[in-house]
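There are 4 protein chains.
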Amino acid sequence: MMESEKKVQLLRTPVEHIDITQFNVISLVEAMGHMAYTARDLARAAEIFDRMIADPDCAIILCLAGSLVSAGLKKIFVEMVRCRMVDAIVATGANLVDQDFFEGLGFRHYMAEAVLKTGAHDAELRNLGIDRIYDTLIDEEQLRICDETVRRIADELTPRAYSSREFLVAMGRFLDQSEQPVRDSIVLEAYRNEVPLFCPAFSDCSAGFGLVAHRAGRGNSPVVSIDSAKDFDELTRLKIHCRETGLLMIGGGVPKNFAQDVVVAADVLGMEVPMHKYAVQVTVADVRDGGLSGSTLVEASSWGKVDTVFEQMVFAEATLAVPLIAAYAWHKGAWRNRAPRRLSRFLKDM
Amino acid sequence: MMESEKKVQLLRTPVEHIDITQFNVISLVEAMGHMAYTARDLARAAEIFDRMIADPDCAIILCLAGSLVSAGLKKIFVEMVRCRMVDAIVATGANLVDQDFFEGLGFRHYMAEAVLKTGAHDAELRNLGIDRIYDTLIDEEQLRICDETVRRIADELTPRAYSSREFLVAMGRFLDQSEQPVRDSIVLEAYRNEVPLFCPAFSDCSAGFGLVAHRAGRGNSPVVSIDSAKDFDELTRLKIHCRETGLLMIGGGVPKNFAQDVVVAADVLGMEVPMHKYAVQVTVADVRDGGLSGSTLVEASSWGKVDTVFEQMVFAEATLAVPLIAAYAWHKGAWRNRAPRRLSRFLKDM
Amino acid sequence: MMESEKKVQLLRTPVEHIDITQFNVISLVEAMGHMAYTARDLARAAEIFDRMIADPDCAIILCLAGSLVSAGLKKIFVEMVRCRMVDAIVATGANLVDQDFFEGLGFRHYMAEAVLKTGAHDAELRNLGIDRIYDTLIDEEQLRICDETVRRIADELTPRAYSSREFLVAMGRFLDQSEQPVRDSIVLEAYRNEVPLFCPAFSDCSAGFGLVAHRAGRGNSPVVSIDSAKDFDELTRLKIHCRETGLLMIGGGVPKNFAQDVVVAADVLGMEVPMHKYAVQVTVADVRDGGLSGSTLVEASSWGKVDTVFEQMVFAEATLAVPLIAAYAWHKGAWRNRAPRRLSRFLKDM
Amino acid sequence: MMESEKKVQLLRTPVEHIDITQFNVISLVEAMGHMAYTARDLARAAEIFDRMIADPDCAIILCLAGSLVSAGLKKIFVEMVRCRMVDAIVATGANLVDQDFFEGLGFRHYMAEAVLKTGAHDAELRNLGIDRIYDTLIDEEQLRICDETVRRIADELTPRAYSSREFLVAMGRFLDQSEQPVRDSIVLEAYRNEVPLFCPAFSDCSAGFGLVAHRAGRGNSPVVSIDSAKDFDELTRLKIHCRETGLLMIGGGVPKNFAQDVVVAADVLGMEVPMHKYAVQVTVADVRDGGLSGSTLVEASSWGKVDTVFEQMVFAEATLAVPLIAAYAWHKGAWRNRAPRRLSRFLKDM
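Chains as they are written, first to last, in my numbering: chain A, 1 to 350; chain B, 1001 to 1350; chain C, 2001 to 2350; chain D, 3001 to 3350.
Okay, chain A solo, but in the shape it has when bound (with noise of 0.2 Å):
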């Protein structure tokens, strides 16, 4: 077979996004709170995110955090944005830029074989141009069209010290206008419902290949640059801005000890704010190796970042329950009467 013909094949069976409007599953979350172990943490976990939600004075945090996007959950933080689930994201770039974005311009994960998981054949899929997360495949080709986009984003930029919220404002709007149809995109979507996305780590993704290559087209002209101290500043003023927030935390990371540690800077810039009244995380992460992902919310209590009351662990692999507990949430349908808060026009007039 010819190395075209064998990519197609690998490059076959696109991931589809699940569709939580599609499935009720408030009595069987009911009924899973009251068995034991990650059942009946995720019910709690699932009644706090709704709780949040309903929750007039709450302003809501989405974190993300591993590979989640590729792995068929856009459509549940698509859906999130739109139905006034949450009010600003802090995730990282992979989720954003070369997952999400990516697919905003057109382009699809794919489900590869089993027995590629393996690792077996991965000197045959470097050769063939396709890259492979665990057990989903990209064709990179495509990948780099998502870099150039990015670079060619920069270039009509004004030079200066952008956040990275402000980058992907442009980022979205650039999917906005684009004369394609576009699939569904967290940062197009949170374009148009001016919920704020912060990427802490921005250039670490495929927009730091775009940024890299815009910088060398650049020479020695003044170019965009990536200020991850204003996106810390910003999230904080949100946080004085809103007060109560609540966090629901897929993965750990970044995102989680950015979000988390919000509280502080607010402490460090002489303004009172409560600590985050709900807490979700779902992980798998241990916390016997005392890394940040897997520590628990009770120690980020010790450290004043998050209130104990309404605070849950969920020991499970994100595409297992997050489904759960968005589908509880969207069908509970709190999100109905609560009104957007666009934070974005907020962070515009700062």
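Hints should not be assumed to be uniformly reliable.
[What the hints assert, rightly or not] Dumping the calculated SDA-like pairs for lysine to any residue here, alpha-carbon to alpha-carbon at most 25 Å:
| id | chain 1 | residue 1 | chain 2 | residue 2 |
| --- | --- | --- | --- | --- |
| 1 | B | K1007 | C | T2118 |
| 2 | D | K3117 | C | T2118 |
| 3 | B | K1006 | B | V1115 |
| 4 | A | K332 | A | A123 |
In short, the hints are calculated from the structure, not lab data.
Chain A is already provided as a structure; the job is to place chains B, C and D on it using the hints.
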């Protein structure tokens, strides 16, 4: 007991950093190489790390994620810098700022009694101004001094966009010029040995608090900003400059991704560079959630980032594995014949 | 508060077993099949379980390890027995005796408040005569009645060597003849449906306590003994009798090993039997410690135990995954056309 | 290449057992005690194990689960028996029969090349008659000789119900009387030092194959049976006899549960005995699935099984942690003043 007495009692026993120069584990590690599972993998990882050091053409990048410095591993990394066992470091802000720079200022981390690990006393710790990392305690007042010191350093810099590397040079200089005796510090030792430090999510730590305060103090005047794209650009140029590279990764997260990605970034710039020739990672993260932290180094080869001849994952919590790997390589002594690369100079001249 | 009041208060909210007949998750699970990671694996596992049931030539062996019954999964296994979805069960004593038979006697498991999970109150629980399994509580006095009941059953049997299967028949008969109304019970339902139950480490649970008491009561007279070699012999003969088999394994441990081994045992007896044709395992155990619980089903194929066409590991805590897998297969309804195998009859006649 | 050559090539490099008498790690482990996470926990575990040995009133029970002997840990356990560091052992059949007795017969385990770990070549291994345990290989023909040897031992015993302990004495005697030189073996060394070995799920291993063959050979004649209730009875009587006890548990599973349960069993017999005074467990199992293997030793205290003053869990894969813990205790040398308990004598006279 009064609160202050209670606090003094809790913060009584400091974590002591292990000194690998005292423990010749070569034969122990070699014996482990004839066993199975983690013992065998660890021995191979140690052997690969030694091989990197002995390879005159290979520049070594150390990646640090997780709370490693607070855990007593600092002296190991300081020793690696001092003994030319690493040429560049990519780390989380927690390691470099909250923990290493913090200790450089004269502060310590403290051992918590076992019962505190349960989280049952976190509210009390909160009231005492004590922060907890699993089994380790920190005086929050001292951490605020660390934040404030970062602010002062920012205040004294000319306002413009800095890479985190540049800012960390300023922090190293600060310690170097300190009139107080300074403890062992990665930031200081790297400054003195011209080993560049990168912190791609720089505001996601104590430095973020300092920079937010710096911004607030400046009002509408120009500020110091931290440009993560510049970091990526610099590390990519280092890769192009050095060509052959090896990675020693403790934990995963942003440092792992960032350091791996430079191979692709070089390609984006039109420069053909070899994949990372050597790669070792110590982690307990699981491959099955699709997260980058637990993803295999073989998977990274599908992305063209890591070569697969000399790669080894080690399934172990870092405090157990890193002393053995590092002590093995230190006592093998290949570093004695290794010239310092002083890569900071290359970046300064860039 | 008095101790007895305190105990009553702690043992207030029983764990409720989930009823899969109420939740048609077919389309949810199918949607998960187009995602990645655990969601995709779970969907495939559910599909394989359904395929086993629909295969008229395949006898299905359910393996249970971990505290599953106490966790609210009992009704699922009872339903599987009732609906001819399993033909034999291999389980730990904890599941069959301490938890299932215990509930059959009218006792319950109770939900513990979150703070009890930390272990900070275990001394107090000890004093109240309450046993804890992570987030679940048990009245120790009731557990002693369970031990004592096993003893009475042993006392009434003719002293000789029994397989655990034979003894579990006596336990099922005991429940069947009970004058009190009996709750759902795997032991009872299996007795009524002539589904053999095997417990290869039978004394490693409440049954052990009962048997030790039985032996003590007998002094030097002949006693009832439990012959684990007879268990292995019986299950091996079942394998030879049924030929085609499928395994649904929840957790690992002895049940997983025992059920896999019968293929080899048949070979030792000079009988050629096919490997297990289908195999599904739900576990969070890690492959990297070399333990059998986390070992892959592909590895089992090197031993000639499991075929690799229809095998699937699912990385998930059981309370989350098992309801979905079981409900999928129940609602697909292939069991409606499946004849009961009543394998206990075959063993009786052996 | 012919099949037989291929097999010879794959089974070329044997696993070598680590010799702790060669590695004085006292100062290394003590230094780890001042660090955090696993290092600190391991140091405390080592200190508790040393304390058990130094306590003249404490009988020590070693519990073994997981594939430990095949992994190169055998010599450690042999040394512990020889040096009076343990007084009884509870283990899985895999460790004692398939691996230790197997090596006692002169066979070896072999190191697999890294690529075999992926499972991509298991079908080929199957065809070559090679069994795989993660990164280790076994010659299946040799394993069949092990099965067959167990059968011969059973054939020569008087038919009646034996505890696994009694049968393991017969296996030890077999090795002791062997005319071939016998390698280091736990079964042999325990026989010679009158240290009782318990294997509560005795038929769940190579021994099961041998016993099934024994039964088949006997037809309707009386057979040797293995009574697990007798095991439990014997270990309980040992507990009553010794009173003070300590547990060193490698892995979880049946051995952990069985050894912990004897405290309750003594109580069932109306004998008041103290809880296990010391308890150490090395495991990577997770507490969050409610399984016994990962359950905390503090949780065991709610059951009245383990005291909480000297208990320590160590989150580490055994091949890395056990050599350090055992070498620490061996070199501390408290065993030099410890009298052998020779508990097998007590059971013989029972």
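To see whether the hints hold, each was checked on the structure:
1. A C-alpha spacing of about 23 Å is found between K1007/B and T2118/C, which places the hinted pair at or below 25 Å, so the restraint holds.
2. Note on K3117/D and T2118/C: the hinted pairing is violated, with a Cα-Cα distance of about 37 Å set against a maximum of 25 Å.
3. The straight-line distance between the Cα atoms of K1006/B and V1115/B is roughly 16 Å, inside the 25 Å bound, and the hint therefore holds.
4. A C-alpha spacing of about 48 Å is found between K332/A and A123/A, which places the hinted pair above 25 Å, so the restraint is violated.
Hints 2 and 4 from the earlier list are contradicted by this structure; the remaining hints agree with it.
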